[in-house]
Structures are given as structure tokens and as C-alpha cells.
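Asks: Going line by line, the protein sequences match chains A and B. Each residue of the first sequence is one higher than the one before, counting from 1 in the working numbering. Each residue of the second sequence is one higher than the one before, counting from 1001 in the working numbering.
No lab work stands behind these hints: they were computed from the structure. A portion of the hints provided could be inaccurate.
Below, in silico cross-link-like pairs of lysine to any residue (SDA-like), each with a Cα-Cα straight-line distance of 25 Å or less [to be verified]: (1) B:1074 with A:175; (2) A:54 with B:1010; (3) A:169 with B:1113; (4) B:1197 with A:20; (5) A:169 with B:1069; (6) A:169 with B:1198; (7) B:1074 with B:1141; (8) A:76 with B:1063; (9) B:1004 with B:1191; (10) A:76 with B:1079; (11) B:1074 with A:174; (12) A:166 with B:1200; (13) A:76 with B:1197; (14) A:92 with A:152; (15) A:169 with B:1196; (16) A:93 with B:1157; (17) A:76 with B:1006; (18) A:166 with B:1196; (19) A:214 with B:1142; (20) B:1074 with B:1113; (21) A:76 with B:1165; (22) A:166 with B:1141; (23) A:76 with B:1052; (24) B:1010 with A:135; (25) A:214 with B:1146; (26) B:1002 with A:4; (27) A:136 with B:1017; (28) A:116 with A:151; (29) A:136 with B:1153; (30) A:219 with B:1166; (31) A:92 with B:1063; (32) A:136 with B:1182; (33) B:1004 with B:1157; (34) A:54 with B:1182; (35) B:1010 with A:130; (36) B:1004 with A:131; (37) B:1056 with A:176; (38) A:29 with A:147; (39) A:166 with B:1056.
Please read these numbers as outputs of a predicted model, since none were measured by experiment.
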Amino acid sequence: MNRPELSELTSRGYTINDPWDAIGIFESKICKYTGAKHAIAVDSCSSALFLSMKYLDVRAISIPNQTYISVPMMAKMHSSTCKVNFCDTTWKKWYSLNPISDNDLDIIDCAVTLEKNMYQRNSLQCISFQHRKPLKIGKGGMILTDDDDASEWLRKASYDGRDRTKLFKDDVIDMIGYHMYMTPEDGARGVLLFDEYTAQRNEIGSIDYPNISKFTAFKDF
Amino acid sequence: MKLKTLSEYKEPFDAILDFEGMLSEYTGAPYVVSTDSCTHAIELCFRYLMRNTPIKPVTIPHRTYLSVPMVFHKLNIQYNIIDTEWHGEYNFGFTNVWDSARKLSNGMYRNGQMQCLSFGMTKPLEIGRGGAILLDDITAFKWLKLASYDGRDLSCLPWETQTNFNVGYHYMMRPEECIDGMNAMLTNNISNEHTHKYPDINDINIQ
């Protein structure tokens, strides 16, 4: 089954020599729009948060009581010893996870926001392309950063430790990776949607989420 | 039989249940849990098995996809690479979990087993991305179904109305992909099981 998005990109004048070119185009567009030096496309914002926590080897995070349930779950998937502190704070558009690690990069959950020049320096900013989010690919996410080392690590980590410019048989695998890449077809859909994208007034924030700290799943976090 | 489009579903998640039902009927598996990839299907099966009992070292064939040993690194499960050939699917010895990424056939389900399917590129049902677990254990099914979607019970909508969550993972297949899968199955767009020339993972240095 061939999804139509890649050929649609070609018909709109984009040069696609390899399916992964669609991901590169999408990442470049988001970089330019947000002001980030690097953008790494992944399969969801939850995966973006997980990979960011993995990169920093985070020991603890502090998150608002009111957010999506997968945020604390990703912390525990990163490490069973990662401490999650729930805080009674309100937020709009984004919030910091206040990561405790040996690195000074921040992790920011920007799942509900996609705005021009939104990138905040010295951070790993995680955005979402889920169907209720500003750019509705259906599922997908991206990590924005200005850190070269983080970008290189995250790019390979999201694709099973692979370099997406090389064939599997020709690649040198020197790190543990995760199966969290965005498919070229979803990247192509992202490009098509982004070309029509107009940022909308966005005031989504904590008020739109329940207090998840009360859920039994998180009682031992 | 004419399939609904996504907009014709009152609730899009019902497309996931319909796809799982179609896979159940085709493979003979009493229960099916769809996931976003075969890799994550395998991961969930081992997370289920690990809940109460530590997993003894498993065996994997020397020719398989890279993400398979990566899963065991992620879960801190020891594995031994064995020199064995396989066709369509192979078992992770000594467990009841199977990597069936290269197989999808009528009545393929093996009683008592958890078989992990793939719908990625070059796979028998080529949706682009996706996977599923075939199984007959209702306890495992209930756990895996919740675990595949952030601990969510899809009968509670919107999710904010659910008051009790288990810890879960963000490994769900999305409704659009399920509709693509059903369309492909209805048009018999399923290739026969086949082998694939994987590199020998003994040659890969996973640190």
C-alpha cells in the first residue's frame, strides 16, 4: 500500500530522491519557523519527552498536576528510579519539566503549541502533531534544540541507533536505540499541512487537563 | 463489504477495534492488541511477562532486525544469539513470544502463544507502520490493551473521565492506519509470508 503524500510532495515541486528527504524537508521547515537550530522528527511527543529524558539521563522531573498522563509514564519508562514530583502550578502553552541531571539543558513540553520563533535557547523542546494539536498529522512529534551533541544523539537514538542516510547493512551501530522515528509518509504529510499552516491563537494550558497526580497509577512516583 | 471512512465512525477509536476484530477472524487468534510497531508489540509482551517473574535469558536468531536486541537492552533482559534459520516467524526461546513480523496468513495463530505482527514497509500487510499481538489469554489481553495506550480504557471518552489508570506506554496504532489495514485485508492485499535477508547481528557491536 502506497500512501499518497510522498508523490503529492513531488507534484508540488519538492525534490524527493529518497523517502527520508521528506523528513529532512519537514525538519528544516520547523527549524526555520521556530528558530531552533535542529529539529528531530519522532513518532510522538511522548517519545520526544522519553528520548530527551534518556539523553540527559534525568534523575528527577517536576511537572504540573494538570498535564497528559503519558508524561510521568515516560519518566518511569526512562528509568524506574526517576523521581516524578507533581506540582500545583498552572501553565499556558508550555511548561518545563525542570529536569535534574548532569546537563544544563532544559526539557520543555510544548505539545499544545506551534508558534513562530517559539524556540527557547538551551533546551530540548518537545512538540506534538497528534490530531488535537496545532499541526494535525495524526501522530508524531519533534524535538527542537540548539545543542549539536544532543541533536546527533537524538537523531540516531530515535531510529534504532541507525543513521538514516545509510543502509542497515552498511551502518555502524555504536549505541542503544529506540524505535521511535517518524515515517517518511508522516513527514510528507507534515510538510503538506505545514505549507497551509497558520498559527492560531492558542491559550491551551493546565486548565484543559485533569489533575493526574490523584490517579492511582502515580501513587508511588 | 464496504468499510466506513474515518469520518463515518461516531468514535474514531472504534476503527481500532474493528481492525483488531478483522485480524482476529483472519488469524484465528481469540484476542488481538494493535500497536504502533512490531518492535513495541514485542516490548509489551515481555513487559507483561516481566511483571511478576524475572525473564531468563532468551534466544534470538542471528539474522533479524536490529530493534529486536535493542528491546532486550532496553528491558535489561539477557539474550543469546543463535545460529538458526527461520521463515516468516521465529520464537524467542524459551518464552511463548514470537516475532511474526514477516508472516500474516489465514489461521496462523498458535494456541497459548503471543505472536507479534508488523505492518511496516515490506511486510505482508504493508500499511507503513503498525503492529499487533495475537493471543488467547484474556488476562494478558486486558493488561496489554491498557498498556498499549497510556493505561487508557478506550471505553472512557474523553480520557479525562477515566479515574483509575495503570502505567502504560504510548504505543497505540492510530485509527487512520487501522482503516488502511482493513482496506488492504478486504482487497486481499496481503503478500505471502516471506524471508528477508537481514544482516547477521553478530556483526553489529551494540554497546
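Asks: Determine for every hint whether it applies to the structure shown.
Replies: These are the hints, each one checked on the structure:
A hinted pair counts as satisfied when its Cα atoms are at most 25 Å apart, and residue 1074 of chain B with residue 175 of chain A qualifies at roughly 12 Å. A threshold of 25 Å between alpha carbons decides the hint, and for residue 54 of chain A with residue 1010 of chain B the separation of about 38 Å lies outside it, so the pair is violated. For a cut-off of 25 Å, the pair hint linking residue 169 of chain A to residue 1113 of chain B is broken: about 31 Å separates their Cα positions. With a CA separation close to 22 Å, the supplied pair residue 1197 of chain B and residue 20 of chain A stays within the 25 Å bound.
Restraint check: the Cα-Cα separation between residue 169 of chain A and residue 1069 of chain B comes to about 16 Å, which is no more than 25 Å; the hinted pair holds. Restraint check: the Cα-Cα separation between residue 169 of chain A and residue 1198 of chain B comes to about 8 Å, which is no more than 25 Å; the hinted pair holds. At most 25 Å may separate the alpha-carbon atoms for a hinted pair to count; residue 1074 of chain B and residue 1141 of chain B meet this at roughly 22 Å. For the suggested pair residue 76 of chain A and residue 1063 of chain B, the alpha carbons sit about 31 Å apart, so the restraint of at most 25 Å is broken.
Of the pairs offered as hints, the one joining residue 1004 of chain B and residue 1191 of chain B holds, with about 24 Å between alpha carbons and a cut-off of 25 Å not exceeded. Taken as a hint, the residue 76 of chain A and residue 1079 of chain B pair is honoured in the structure, with Cα atoms around 23 Å apart against an allowance of 25 Å. Straight-line distance between C-alpha atoms of residue 1074 of chain B and residue 174 of chain A comes to about 15 Å, which keeps the hinted pair within the 25 Å bound. As the CA atoms of residue 166 of chain A and residue 1200 of chain B are separated by approximately 17 Å, the hinted pair is consistent with the 25 Å bound.
In summary, the hint linking residue 76 of chain A to residue 1197 of chain B is not supported, as the alpha carbons are separated by about 36 Å, beyond the 25 Å threshold. This hinted pair does not check out: residue 92 of chain A and residue 152 of chain A have alpha carbons roughly 30 Å apart, beyond 25 Å. Distance hint between residue 169 of chain A and residue 1196 of chain B is fulfilled; the C-alpha atoms sit about 13 Å from each other, no more than 25 Å. This hinted pair checks out: residue 93 of chain A and residue 1157 of chain B have alpha carbons roughly 24 Å apart, not beyond 25 Å.
Distance restraint check for residue 76 of chain A and residue 1006 of chain B: the Cα-Cα separation of roughly 34 Å exceeds the 25 Å cut-off, and the hinted pair is therefore not satisfied. For the hint pairing residue 166 of chain A with residue 1196 of chain B, the CA-to-CA distance comes to about 18 Å; that is within 25 Å, so the pair holds. Annotation: proposed proximity of residue 214 of chain A to residue 1142 of chain B holds, straight-line Cα distance about 23 Å (limit 25 Å). Of the supplied pair hints, the one linking residue 1074 of chain B and residue 1113 of chain B holds, its CA atoms being roughly 23 Å apart against a limit of 25 Å.
Annotation: proposed proximity of residue 76 of chain A to residue 1165 of chain B holds, straight-line Cα distance about 14 Å (limit 25 Å). Simply put, residue 166 of chain A and residue 1141 of chain B have alpha-carbon atoms about 38 Å apart, too far for the 25 Å limit, and the pair is violated. About 17 Å separates the Cα atoms of residue 76 of chain A and residue 1052 of chain B, which keeps this hinted pair within 25 Å; it holds. Distance restraint check for residue 1010 of chain B and residue 135 of chain A: the Cα-Cα separation of roughly 23 Å lies within the 25 Å cut-off, and the hinted pair is therefore satisfied.
Distance check on the hinted pair: residue 214 of chain A and residue 1146 of chain B sit about 19 Å apart at the alpha-carbon level, within 25 Å; holds. Among the hinted pairs, residue 1002 of chain B with residue 4 of chain A is consistent with the structure: their alpha-carbon atoms are about 21 Å apart, no more than 25 Å. A hinted pair counts as satisfied when its Cα atoms are at most 25 Å apart, and residue 136 of chain A with residue 1017 of chain B qualifies at roughly 22 Å. The suggested pairing of residue 116 of chain A with residue 151 of chain A holds, with an alpha-carbon distance near 21 Å, which does not exceed 25 Å.
Pair hint residue 136 of chain A plus residue 1153 of chain B holds up; C-alpha atoms about 23 Å apart against a cutoff of 25 Å. Distance hint between residue 219 of chain A and residue 1166 of chain B is fulfilled; the C-alpha atoms sit about 11 Å from each other, no more than 25 Å. Restraint check for residue 92 of chain A and residue 1063 of chain B: not satisfied, since their Cα atoms lie roughly 49 Å apart, outside the 25 Å limit. A C-alpha spacing of about 22 Å is found between residue 136 of chain A and residue 1182 of chain B, which places the hinted pair at or below 25 Å, so the restraint holds.
Taking the CA atoms of residue 1004 of chain B and residue 1157 of chain B, the gap is about 21 Å. The hint holds against a cut of 25 Å. About 36 Å separates the Cα atoms of residue 54 of chain A and residue 1182 of chain B, which puts this hinted pair outside 25 Å; it is violated. The hinted pair formed by residue 1010 of chain B and residue 130 of chain A meets the criterion: a straight-line CA distance of about 19 Å does not exceed 25 Å. For the proposed pair residue 1004 of chain B and residue 131 of chain A, the alpha carbon gap of about 19 Å is at most 25 Å, so the pair holds.
This hinted pair checks out: residue 1056 of chain B and residue 176 of chain A have alpha carbons roughly 21 Å apart, not beyond 25 Å. With a C-alpha separation of about 18 Å, the suggested pairing of residue 29 of chain A with residue 147 of chain A holds against the 25 Å cut-off. With a C-alpha separation of about 34 Å, the suggested pair residue 166 of chain A and residue 1056 of chain B falls outside the 25 Å cut-off, and the hint is violated.
Hints 2, 3, 8, 13, 14, 17, 22, 31, 34 and 39 from the list above are not met by this structure, while the remaining hints are.
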